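Model the placement of chain B on the given structure of chain A, informed by the hints.
Number of protein chains: 2
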Amino acid sequence: MDRKSKHKRRGRTQSRTNNAIEQLPWKQPRNPYPPFEIVSADQIEEIHLASLRILEEVGIAFLDEEALDILKESGAEIERSTQMVKFAPELIEEYLKKAPSQFTLHSRNPVHNLEVGKDWNIFSMVASPPNCSDIDKGRRAGNFEDFQNLVRLSQHFNTIHMTGGYAVEPVDLPANTRHLDCALAHLLLTDKVFGAYSLGRQRISDTIDMICISRGIKRDQLKTQPSLISIINTSSPLRVDGVMIQGMLEMVRNGQSICVTPFTLSGAMAPVTLAGALSLQNAEALATLAFTQMVAPGSPVVYGGFTSNVDMKSGAPAFGTPELAKSTLIGGQLARRYGLPYRASNVNACNIVDAQAGYESMMSLWPTILSHCNLVKHAAGWMEGGLCASFEKVIVDVELLQMMSSFLEQLSFSGEEMAFDAIAEVGPGGHFFGTQHTLERYEKAFYAPILSDWSNFGMWEEKGTKTAFQRANHIWKQALEEYQQPTLEESRLEALESFVSKRKENPGIPNY
Amino acid sequence: MDRKSKHKRRGRTQSRTNNAIEQLPWKQPRNPYPPFEIVSADQIEEIHLASLRILEEVGIAFLDEEALDILKESGAEIERSTQMVKFAPELIEEYLKKAPSQFTLHSRNPVHNLEVGKDWNIFSMVASPPNCSDIDKGRRAGNFEDFQNLVRLSQHFNTIHMTGGYAVEPVDLPANTRHLDCALAHLLLTDKVFGAYSLGRQRISDTIDMICISRGIKRDQLKTQPSLISIINTSSPLRVDGVMIQGMLEMVRNGQSICVTPFTLSGAMAPVTLAGALSLQNAEALATLAFTQMVAPGSPVVYGGFTSNVDMKSGAPAFGTPELAKSTLIGGQLARRYGLPYRASNVNACNIVDAQAGYESMMSLWPTILSHCNLVKHAAGWMEGGLCASFEKVIVDVELLQMMSSFLEQLSFSGEEMAFDAIAEVGPGGHFFGTQHTLERYEKAFYAPILSDWSNFGMWEEKGTKTAFQRANHIWKQALEEYQQPTLEESRLEALESFVSKRKENPGIPNY
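Chains A and B supply the protein sequences, listed in that same order. As numbered in our numbering, residues 1 to 512 make up the first sequence, in order. As numbered in our numbering, residues 1 to 512 make up the second sequence, in order.
Only chain A is shown next, with the shape it has when bound in the complex:
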């Protein structure tokens, strides 16, 4: 990811052949269909009221003194000894109203700006796995080289709209300066939006500075252009961690966006009933979202849902389950109840890219589309309940995301599209291959896959009986060959490198 490799890669693009991967063009999908709702407005109100009761009668712990000061000043009831905070229902309602229902996430390439909210979809790369894998090198601990290659894939494929945090955790880099290397890589290897981890104030501050440098703007201007998004996972049940709060404060005070996602796995950190788990999810989300609006009214925020379940025999987290499907859909209804953008995920609990990985992903992905999920996290590459990023799964997911984007294109019912004349011309027993109506449209009539193989059995055998897993291996390597690094002004690149090397001299962050 240094300038040398950049130039090398630029040169390589000269030799691109006509066999380049044919993918859909860049386009942020909008959902033209009605949201699919599986519970009634009354039932949504029951969850809402149950959440308010939890926040009023039980409370939630904010493990940070500065947060407690802000909460107290805004009217919440604070118990310093336990750091528990109780909210009157009106207080939650009052502050939630201040959050916008839609905002723009700005990228250093404005073509890649993203709308967040309403009927807009964003597909975001897998984030946070400690391991990664591919067929050639097997499963291994996350590292900076793989991290960079996953960032390159997310830049290369138009259907991946952003990277959300680290596509794989580069554990070979020191923990206290890792964010500097990763932000530099994000700014160099992609010109799409990226995310940052709110692990304390300093990491966020550094990343904000680097975004400013990359665009040649000051913090004041960035404040009016939300460009960074950070996921705040509550430490369920009913806790918000101190380091997360400190990062969140730095984000919010600088106009950057927060997605609050309670980690309410039903049966473990949340009740074994989905109604209970969703009430807890909603309570934790509402309290934390209200807090962001106390810090900076009008801050861009996203309501996140992640309520899946555990296997009650083993305690293992499960994803792509009927329970996750339901909670994803109900989460969308809750987010709409509050007029907030909504985040859910494309997840599975599988160890290898097989039929289970395919169907569990689809059991997650369909509900994200149906629920009008605005930010689909872990949209490409997630495996093993989040413990591994798979290069081959990235390709499987690119196919799924492209299929969903294509599904979201509305049909035309214009006269010509109804094809009466073609039907009359062909008549009984004919076929439509050679008609003018077909010839004029056949090239763009249908979604063309990049991974799916529709050969008949004989042809598929001749080509070597390759599974989708094996074919995906070839495709991600080809994508890395075809990858083109986006341009970045030389002076800004130098300024970024100088910032990073200076910050590394004295990170001021504990090395964990």
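None of these hints come from the bench; they were simulated from the model. Any given hint might turn out to be false.
For chains that are exact copies, the list does not tell them apart, and a pair is met inside one copy or across any two.
Straight-line C-alpha distance at most 25 Å; calculated BS3-like pairs for lysine-lysine [to be verified]: (1) Lys137 - Lys466; (2) Lys218 - Lys313; (3) Lys98 - Lys86; (4) Lys477 - Lys463; (5) Lys27 - Lys477; (6) Lys72 - Lys86; (7) Lys444 - Lys98.
Here the structure is a predicted model, which is why all the values come from computation and not from measurement.
Below, chain B without anything else, positioned relative to chain A:
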């Protein structure tokens, strides 16, 4: 499938262990959610009107003189030389109104009776592939042994509600008596509803006689108890074949049920635009459905949709595409427009049970659920665009169907389910594993998979790094071990065997 093997199998069930496959109990799912609709009522009306225009101005060929007589007598415009039939819009509307919106399919075991229509779901076994495959013996031509084993699997798994035709075509049996052996096998090996092929009048007549014998009833009684269903595929574009018509006449005159499914692959036998292909599908369906009501007003019928697309590069049929998803959903809207039960399919174009098979199936199956499809054909086992029935895919699909059934179970929002007391008791930072609320519910709280492996990577490695494909191989063999043949009165079995052997002496059907 003879009496000997029956007794042997009964004996075997004595040794069933506690490691039996844990599956969901028999239950026909009902969809409690609103249907998901992707086009407006106006657009449905445009398709409706386009179809009526096709039937009025172009017409459709009924390749059977008896049918032409009936159509003429009912008021359609007939051209004998071309066998083309034109319908006034009012004629179609008048006869469509006579069809019921819901009916019961009766089985020889009333527990397995099925409701067809409204919010009821039926998952029907794969039908008609000429080949079958499993990991042990590879891909081979369909044969009677595999046919019987697939029927046993469809009896064993509660989530497969019926078999629709031959799960694999037993090409080792003579074509002109195959229906006799298969009907006997269906009546012996399963007590669920099954389907028959309308390949001429005699085959249907034989099957109806055999159903009567198996229940000890006469044709008059069977006439009031629809028990058999047959798929009528139009020979698109715009033709209904003679043998199909003759079979259909025998079905309808005996009170049995017909599902009309035009074979309108967009780009080949139908226009390259989905709006055009759906107009053609609808025209063919309406004409053939109206015909059934001319023959016997009030006949139980199903509106079938099968509009997928071909790969425009190779001409290969594709399934599990975004186009199929859209046409499945719109097909449901059309069926509701006419107040008719709806049929669609769980299909894919894959050659091996890999990630593609998983995601293409889910790209088909989700829309069947969302569209309130009443009869999901090919719900278990279909591969290769219908050219192969896979034993392992049956197991993958059993998992998918069970997940969907579980998804269709509505959440409870009763006070106890909201879990306020449990949340208050656990408080911040605790967990819910040991609470009374969890202990009372954990056994049945979540869907428990039969195929999906949620082990962590290390445990999965220790167990031999098996893919879902490999695990499914073990499961179908275990299911055959656990299979219990349903009872059938000895005297009826003897009567059936005698009927079959007598009919084989002089089938009266050409041997093709």
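(message) To test your reading of the hints: which numbers does this structure violate?
(response) Checked against the structure, the hints that fail are numbers 2 and 7, while the rest are satisfied.
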